[in-house]
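As given, the protein sequences belong to chains F and A, one line each in that order.
Here the first sequence is numbered in my numbering, starting from 5 and rising by one per residue.
Here the second sequence is numbered in my numbering, starting from 5 and rising by one per residue.
Just so you know, these hints were derived from the structure itself, not from any lab.
Honestly, I wouldn't trust all of these hints.
[Said to hold, decoys possible] Pairs of lysine-lysine residues, derived as DSSO-like cross-links and limited to a Cα-Cα distance of at most 30 Å, are as follows:
#1 F:178 / A:394
#2 A:334 / F:178
#3 F:394 / F:334
#4 F:112 / F:380
#5 F:334 / F:320
#6 A:394 / A:380
#7 F:320 / F:394
#8 A:178 / F:177
#9 A:380 / A:334
#10 F:334 / A:177
#11 A:380 / A:112
#12 F:177 / A:320
#13 F:334 / A:178
#14 A:6 / A:65
#15 A:65 / A:320
#16 F:320 / F:372
#17 A:112 / A:394
#18 F:65 / F:6
#19 F:178 / A:177
#20 A:334 / A:112
#21 F:112 / F:394
#22 F:380 / F:334
#23 F:177 / A:177
#24 A:320 / A:380
There are 2 protein chains.
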Amino acid sequence: MKIAVLGGDGFCGWPTALHLSDQGHEIHIIDNLSRRWIDTELGVQSLTPMDSIQERCRIWKQESGRTLNFHLLDLANEYQRLRAWLEAHRPDAIIHFAEQRAAPYSMKSDRHKVYTVNNNVNATHNLLTAMVETGIDAHLVHLGTMGVYGYSSVGAPIPEGYLDIEIDTPTGKKEQEILYPTRPGSVYHMTKSLDQILFQFYAQNDGLRITDLHQGIVWGTHTEQTRRHEQLINRFDYDGDYGTVLNRFLIQAAIGYPLTVHGTGGQTRAFIHLQDSVRCIELALKDAPQSGDRVKIFNQMTETHRVRDLAELVAKMTGAEIAWLPNPRKEAAENDLVVENRQFLALGLNPTTLQEGLLDEVVEVARKYAHRIDRKRVPAVSAWTRDIAKRVETDPEGKRLKSAS
Amino acid sequence: MKIAVLGGDGFCGWPTALHLSDQGHEIHIIDNLSRRWIDTELGVQSLTPMDSIQERCRIWKQESGRTLNFHLLDLANEYQRLRAWLEAHRPDAIIHFAEQRAAPYSMKSDRHKVYTVNNNVNATHNLLTAMVETGIDAHLVHLGTMGVYGYSSVGAPIPEGYLDIEIDTPTGKKEQEILYPTRPGSVYHMTKSLDQILFQFYAQNDGLRITDLHQGIVWGTHTEQTRRHEQLINRFDYDGDYGTVLNRFLIQAAIGYPLTVHGTGGQTRAFIHLQDSVRCIELALKDAPQSGDRVKIFNQMTETHRVRDLAELVAKMTGAEIAWLPNPRKEAAENDLVVENRQFLALGLNPTTLQEGLLDEVVEVARKYAHRIDRKRVPAVSAWTRDIAKRVETDPEGKRLKSAS
Chain F
5 MKIAVLGGDG FCGWPTALHL SDQGHEIHII DNLSRRWIDT ELGVQSLTPM DSIQERCRIW
65 KQESGRTLNF HLLDLANEYQ RLRAWLEAHR PDAIIHFAEQ RAAPYSMKSD RHKVYTVNNN
125 VNATHNLLTA MVETGIDAHL VHLGTMGVYG YSSVGAPIPE GYLDIEIDTP TGKKEQEILY
185 PTRPGSVYHM TKSLDQILFQ FYAQNDGLRI TDLHQGIVWG THTEQTRRHE QLINRFDYDG
245 DYGTVLNRFL IQAAIGYPLT VHGTGGQTRA FIHLQDSVRC IELALKDAPQ SGDRVKIFNQ
305 MTETHRVRDL AELVAKMTGA EIAWLPNPRK EAAENDLVVE NRQFLALGLN PTTLQEGLLD
365 EVVEVARKYA HRIDRKRVPA VSAWTRDIAK RVETDPEGKR LKSAS
Chain A
5 MKIAVLGGDG FCGWPTALHL SDQGHEIHII DNLSRRWIDT ELGVQSLTPM DSIQERCRIW
65 KQESGRTLNF HLLDLANEYQ RLRAWLEAHR PDAIIHFAEQ RAAPYSMKSD RHKVYTVNNN
125 VNATHNLLTA MVETGIDAHL VHLGTMGVYG YSSVGAPIPE GYLDIEIDTP TGKKEQEILY
185 PTRPGSVYHM TKSLDQILFQ FYAQNDGLRI TDLHQGIVWG THTEQTRRHE QLINRFDYDG
245 DYGTVLNRFL IQAAIGYPLT VHGTGGQTRA FIHLQDSVRC IELALKDAPQ SGDRVKIFNQ
305 MTETHRVRDL AELVAKMTGA EIAWLPNPRK EAAENDLVVE NRQFLALGLN PTTLQEGLLD
365 EVVEVARKYA HRIDRKRVPA VSAWTRDIAK RVETDPEGKR LKSAS
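Let the sequences and hints guide you as you build the complete structure.
What follows is the structure, given as structure tokens:
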């Protein structure tokens, strides 16, 4: 297949491009390299030393004999170039990672909120419109997030995208299938909730074939392909904006930094290892919907864990201390989360669990590159509201939390 | 109150600005005048001769002694100016009409789709972010549309924004309140569905006080204030993109053009007279939610009618013929629609119905300005998909429809 990987220079996009290239697909990475610019803006860098995308593609060719084509293109701001590219290349599948993907970054300031909405909504919508306009019959696979549901489940497992409800009518109860209701908790998560409505419309009106993957928090850093050469290494974020919770604990443990638990750590989240994430995308590609079908929605996750349990697991494994800090997010202090993921299991996904030694691998990578870490960039400081910002500022080390407990 | 009317130069915005000014409020019209530019783009003009916004404000001052302040500002593209304006003026209420509002225009081409999404989403989101950032405590009243629900009711009345559903959990059924599910049928309607998610987030995260009015199709052209002087006249659209169904029938009847019914005319829609629309906004302003409340949602409509019944009513009243044409939209040929509107009735709305002689008024206005009509611009030609476009092109007069019936 000819596959376009939008955002193929990013944390999930790069290993996906390699994985699919390794399977013999013709891969076209489309990226505006905005994530590298955000590194520059924030003054942080990937824990792992990361080459330019052009250099990475060269190394992959050298190692595997396979070509990765790179196209510098801004989906949100270059509609005409996007359309011309699709017209000329007519891919069979398009994997869409090309969105600003950090909740804390999306909440940093009004500028970041405006950027995230403008970038993410226009990127997705431009793509959908261009697919209709060029008349290509590509299967679109989009990376969504479990976070669209807001982590406030009523105790029932979150189904894979849809819910049957009963509505009282004058002639009795009638069943109706609806998109499982969203309640996003950050501007970033909100944009993925907007994407869902865009997909529903374009599948219904234009018969586009769309799969939306509601992904959990990705942990790990290597895949089979990124291990093949040091210059194929994946990016790996440790900072308070782009670092994700389990990876951050592992890095913190590696550099002797206390594990930063916000609030009670009672937040339950869904997780998936990076290797499983790229495998899920492969499986989703093979299970494409037909034109006229509803959007196919998968929950792309393998386990759920409570944040404080993860901290305790990593503390036990490494001897690290836990720091209980005020929570900069506006969210429930404690939540349960049960998620259905039968579809990927049925397609043959064999989940990598936390118990399988891969936690050590992350700690090893972090130790190897520990000299590249700026410890000042480890705390998560983006606050969800002004009041929370004040509270966090006046009590950065959670002293009140400690004295209360 | 100090009230900002965003989009205050438009079909609903202008009479709302006059109505609220007449009640003694301090009115600030903010508009980028994009609707006038779209007239230029399409080569059509309002049926009624419409002065510049500056001239209209001057005449209103002369007639009423009251000042209408006008600010040229593009919400979607001038975030910093918007924020500075809010900071400086700190309005008590903001009425947000400032979105591209025609479904056919939003479906004309990829350029129009991209414009509509970019303009509408960024306008609404920029406003919300700027309200948070400036810390003003304004009540935001937004004009949404009944069209977000897609007109495919299962037979139950569409409630005012929310639905209680039951979810099966291991410990029994649990009730959950959700936003009534949307299924928009055009890019324009889709943007109003996106707005809903934006409002939900900003009410929840930042305590913004928001009212969303899901409006039906507005008919009529005059209000009490626009009647006071010929230069205060409202804009009035007759073309296939911006003209709305009942007004178009009345104009068509006035100029001896057959009433254009698309498909079977079995589409049922919700309607409201312009005078009631401005009155509803007045009522919504008086019934503001508190910070921390969910978004208050009203169905702003007074009657539902089937399109062919309206055509027959107008035909009977005026002697006009009916032309049965192919439908350029992708929608159900026939639908029922029952809508709850108890909230506005409870607040004192006294609906203007089709039976009250105001149909004649529209026909009179149309006859007076009939010489300004370009008959070639009457047909609705924007098709929802390429296949439909071909079908409409090869059979513009619905000959196959006629021979089939």
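Consistency of the hints with the structure:
Between residue 178 (chain F) and residue 394 (chain A) the CA atoms are separated by roughly 37 Å; this puts the pair beyond 30 Å, and the hint is violated. Simply put, residue 334 (chain A) and residue 178 (chain F) have alpha-carbon atoms about 24 Å apart, close enough for the 30 Å limit, and the pair holds. In summary, the hint linking residue 394 (chain F) to residue 334 (chain F) is supported, as the alpha carbons are separated by about 13 Å, within the 30 Å threshold. With a CA separation close to 17 Å, the supplied pair residue 112 (chain F) and residue 380 (chain F) stays within the 30 Å bound.
Using a Cα cut-off of 30 Å, the hinted pair residue 334 (chain F) and residue 320 (chain F) holds, with the two alpha carbons roughly 29 Å apart. Among the hinted pairs, residue 394 (chain A) with residue 380 (chain A) is consistent with the structure: their alpha-carbon atoms are about 19 Å apart, no more than 30 Å. A C-alpha spacing of about 33 Å is found between residue 320 (chain F) and residue 394 (chain F), which places the hinted pair above 30 Å, so the restraint is violated. For the suggested pair residue 178 (chain A) and residue 177 (chain F), the alpha carbons sit about 18 Å apart, so the restraint of at most 30 Å is met.
Note on residue 380 (chain A) and residue 334 (chain A): the hinted pairing holds, with a Cα-Cα distance of about 23 Å set against a maximum of 30 Å. Annotation: proposed proximity of residue 334 (chain F) to residue 177 (chain A) holds, straight-line Cα distance about 28 Å (limit 30 Å). Distance check on the hinted pair: residue 380 (chain A) and residue 112 (chain A) sit about 17 Å apart at the alpha-carbon level, within 30 Å; holds. For the given pair, residue 177 (chain F) sits about 39 Å from residue 320 (chain A) by alpha-carbon distance, which is inconsistent with the 30 Å threshold.
With a C-alpha separation of about 24 Å, the suggested pairing of residue 334 (chain F) with residue 178 (chain A) holds against the 30 Å cut-off. Our distance criterion of 30 Å between C-alpha atoms is met by residue 6 (chain A) and residue 65 (chain A), whose separation comes to about 17 Å. With a C-alpha separation of about 42 Å, the suggested pairing of residue 65 (chain A) with residue 320 (chain A) is violated against the 30 Å cut-off. This hinted pair checks out: residue 320 (chain F) and residue 372 (chain F) have alpha carbons roughly 21 Å apart, not beyond 30 Å.
For the hint linking residue 112 (chain A) to residue 394 (chain A), the alpha-carbon distance of about 14 Å falls within 30 Å, and the restraint holds. With a C-alpha separation of about 17 Å, the suggested pair residue 65 (chain F) and residue 6 (chain F) falls inside the 30 Å cut-off, and the hint holds. Under the criterion of a C-alpha separation no larger than 30 Å, the hint pairing residue 178 (chain F) with residue 177 (chain A) is consistent with the structure, at around 18 Å. Of the pairs offered as hints, the one joining residue 334 (chain A) and residue 112 (chain A) holds, with about 13 Å between alpha carbons and a cut-off of 30 Å not exceeded.
Distance hint between residue 112 (chain F) and residue 394 (chain F) is fulfilled; the C-alpha atoms sit about 14 Å from each other, no more than 30 Å. This hinted pair checks out: residue 380 (chain F) and residue 334 (chain F) have alpha carbons roughly 23 Å apart, not beyond 30 Å. Simply put, residue 177 (chain F) and residue 177 (chain A) have alpha-carbon atoms about 16 Å apart, close enough for the 30 Å limit, and the pair holds. A threshold of 30 Å between alpha carbons decides the hint, and for residue 320 (chain A) with residue 380 (chain A) the separation of about 25 Å falls inside it, so the pair holds.
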